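2 protein chains.
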Amino acid sequence: MSDHTVKSYDEELAHLTNIIARMGGMAEAQFASALQALSKRDSDLAARVVAGDTRVDELEHEVQQFTVRLLALRQPVASDLRHIVAALKIGSELERVADYAANVAKRSLVLNQLPPVKPVAAVLHLAHLVQEILKDILDAYIERDVEKAIRVWNRDEEVDDLYTGLFRELITYMMEDPRTITACTHLMFMAKNIERIGDHATNIAETLHFLVVGTPIKGERPKGNTVDTE
Amino acid sequence: MSDHTVKSYDEELAHLTNIIARMGGMAEAQFASALQALSKRDSDLAARVVAGDTRVDELEHEVQQFTVRLLALRQPVASDLRHIVAALKIGSELERVADYAANVAKRSLVLNQLPPVKPVAAVLHLAHLVQEILKDILDAYIERDVEKAIRVWNRDEEVDDLYTGLFRELITYMMEDPRTITACTHLMFMAKNIERIGDHATNIAETLHFLVVGTPIKGERPKGNTVDTE
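Going down the list, the protein sequences come from chains A and B. Just so we're aligned, residue 1 is where the first sequence starts under my numbering, counting upward by one. Just so we're aligned, residue 1 is where the second sequence starts under my numbering, counting upward by one.
Chain A with its partners taken away, still in its complex shape (with noise of 0.2 Å):
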């Protein structure tokens, strides 16, 4: 196998991660402008974050069809295999990320037809815990800092514990204040969805672990919020 198809193929592998970090930049920025919409009552905003989700699922889309290629044309060894897998998982992981990023954003053009609620700045302050950890683990991912992951993976009981606050505090202003009930649905909903952006993040953690190590996380996922309220 002569130096230049060899070079060729790691060109490939290199490509496939060019484009799980292009993924994962697009994701975060999604997230950030759905946060802004979201803190600003930006509109126009969050339809344009809205309509900038099909970027995202066209990165996907390439990641697949590329990996499938990748693995027609070459016999991948084993550590290979795992690269082009976790990129598979994580590309996917990332598209759940962004399409989480648009349901915050969309549910921001309803609040905004709504009077301003005060627990909105609490939802923010989760969004912004979630948007720290999203941030390490792509950093993570593209240094391969298996160090950073298990980090980052440790936070997902920072969040959950956040989470739950939150929601109580969405409950007792739900129930000193009925007329705001719909707002607040709103903004559980969006809380949710946000919380489940640093599960995502969680879950690129434990790919990239397993791609760098070779073994799972050892033991149970920290789980701070058992059913929400508790």
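Quick caveat, the hints were computed from the structure, so don't treat them as lab data. Hints are supplied without guarantee of correctness; some may be wrong.
One copy or any two copies: either way a pair holds, since identical chains are not told apart in the list.
Once the Cα atoms are required to be at most 20 Å apart in a straight line, the calculated SDA-like pairs of lysine to any residue come out as [said to hold, decoys possible]: (1) LYS118 to ILE19; (2) LYS192 to GLU62; (3) LYS148 to GLY165; (4) LYS135 to ASP160; (5) LYS192 to ILE171; (6) LYS89 to ALA14; (7) LYS148 to HIS83; (8) LYS135 to ASN203; (9) LYS89 to ALA121; (10) LYS192 to HIS128; (11) LYS135 to ARG196; (12) LYS148 to ASN203; (13) LYS89 to GLU28; (14) LYS118 to PRO178.
Only a predicted model underlies this, so the values are computations on that prediction, with no experimental measurement involved.
With chain A held as given, fit chain B onto it using these hints.
Relative to chain A, chain B alone:
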């Protein structure tokens, strides 16, 4: 290549389909048990569903490991690759279906601590529609029945419309009696989990279509529910 070797490869592809079929059966059973637990306020059953989710996760890992082994040891041609990638994706979808079923069961545990509320019936109605759809797509996968897959795909709108109606009913109920807010928010999340099971059935339909026909199901996915209350 001897007949024995070729047969062995076909057996391995068949084995992959079988694991997916088993996962499908387990996801269906978990969903049915979760709904039974909700309907009968049966916390023991709910707890068993939650505990049983591990088994589905194990099957998903088996799919992934078997897939990687298959890819490493064989040089799959294009159509076989599509089977293998489809199995990976569908395994992932079914793991989520089972996960949502376990989430419904988890919420039952909390719901059973609260006085019963009337809208449970409407949640079960939505759930029974989704059960039908899930059964249909699993049959379609086993039979490689594209027509059935397309029918499932088109029912997504039915699920979204029912979900939207249920959401409105819950908001009204909460406004009329704020003491029911906690219970009704749990039902809302349950309904969302059930609606998402429907989404995953639609995803499986798309994957199956691509597997058999080689092209995506045409046109935008039918969306009856823009965002819950519209």
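Against the structure, the hints come out as follows:
1. Neither within a single protomer nor between protomers do LYS118 and ILE19 lie at most 20 Å apart by alpha-carbon distance, with minima of 39 Å and 49 Å respectively.
2. Taking the shortest Cα distances, LYS192 and GLU62 never come within 20 Å of each other, neither inside one copy (29 Å) nor across copies (29 Å).
3. In this homomeric assembly, LYS148 and GLY165 never come within 20 Å of each other (Cα to Cα): the closest approach is 26 Å inside a single copy and 44 Å across copies.
4. Taking the shortest alpha-carbon separations for LYS135 and ASP160, only the intra-copy value of 18 Å comes in at or below 20 Å, while the best inter-copy value is 33 Å.
5. Proximity of LYS192 to ILE171 under the C-alpha cut-off of 20 Å is found in both arrangements, the shortest distances being 14 Å within a copy and 18 Å between copies.
6. With identical chains, the CA atoms of LYS89 and ALA14 are at most 20 Å apart within one copy only, with a shortest distance of 16 Å there and 23 Å across copies.
7. For a Cα distance limit of 20 Å, the shortest separation of LYS148 from HIS83 inside one copy, 18 Å, qualifies, whereas the shortest one across copies, 35 Å, does not.
8. Within a single copy, LYS135 and ASN203 get their C-alpha atoms as close as 14 Å, which meets the 20 Å cut-off; across copies the closest is 28 Å, which misses it.
9. For the identical chains of this complex, LYS89 and ALA121 are neighbours neither inside a copy (33 Å) nor across copies (37 Å), given an alpha-carbon limit of 20 Å.
10. In this homomeric assembly, LYS192 and HIS128 come within 20 Å of each other (Cα to Cα) only inside a single copy, at 14 Å, whereas the closest approach across copies is 24 Å.
11. For the identical chains of this complex, LYS135 and ARG196 are intra-copy neighbours only, at 15 Å inside a copy versus 27 Å across copies, given an alpha-carbon limit of 20 Å.
12. When the C-alpha separation of LYS148 and ASN203 is checked against a cutoff of 20 Å, the pair qualifies only within one copy, where the shortest distance is 14 Å, while the shortest distance between copies is 32 Å.
13. Proximity of LYS89 and GLU28 under a CA criterion of 20 Å is satisfied intra-copy only: 18 Å inside one chain copy versus 24 Å between copies.
14. Taking CA atoms no more than 20 Å apart as the test, LYS118 paired with PRO178 passes in both settings, with 14 Å inside one copy and 19 Å between copies.
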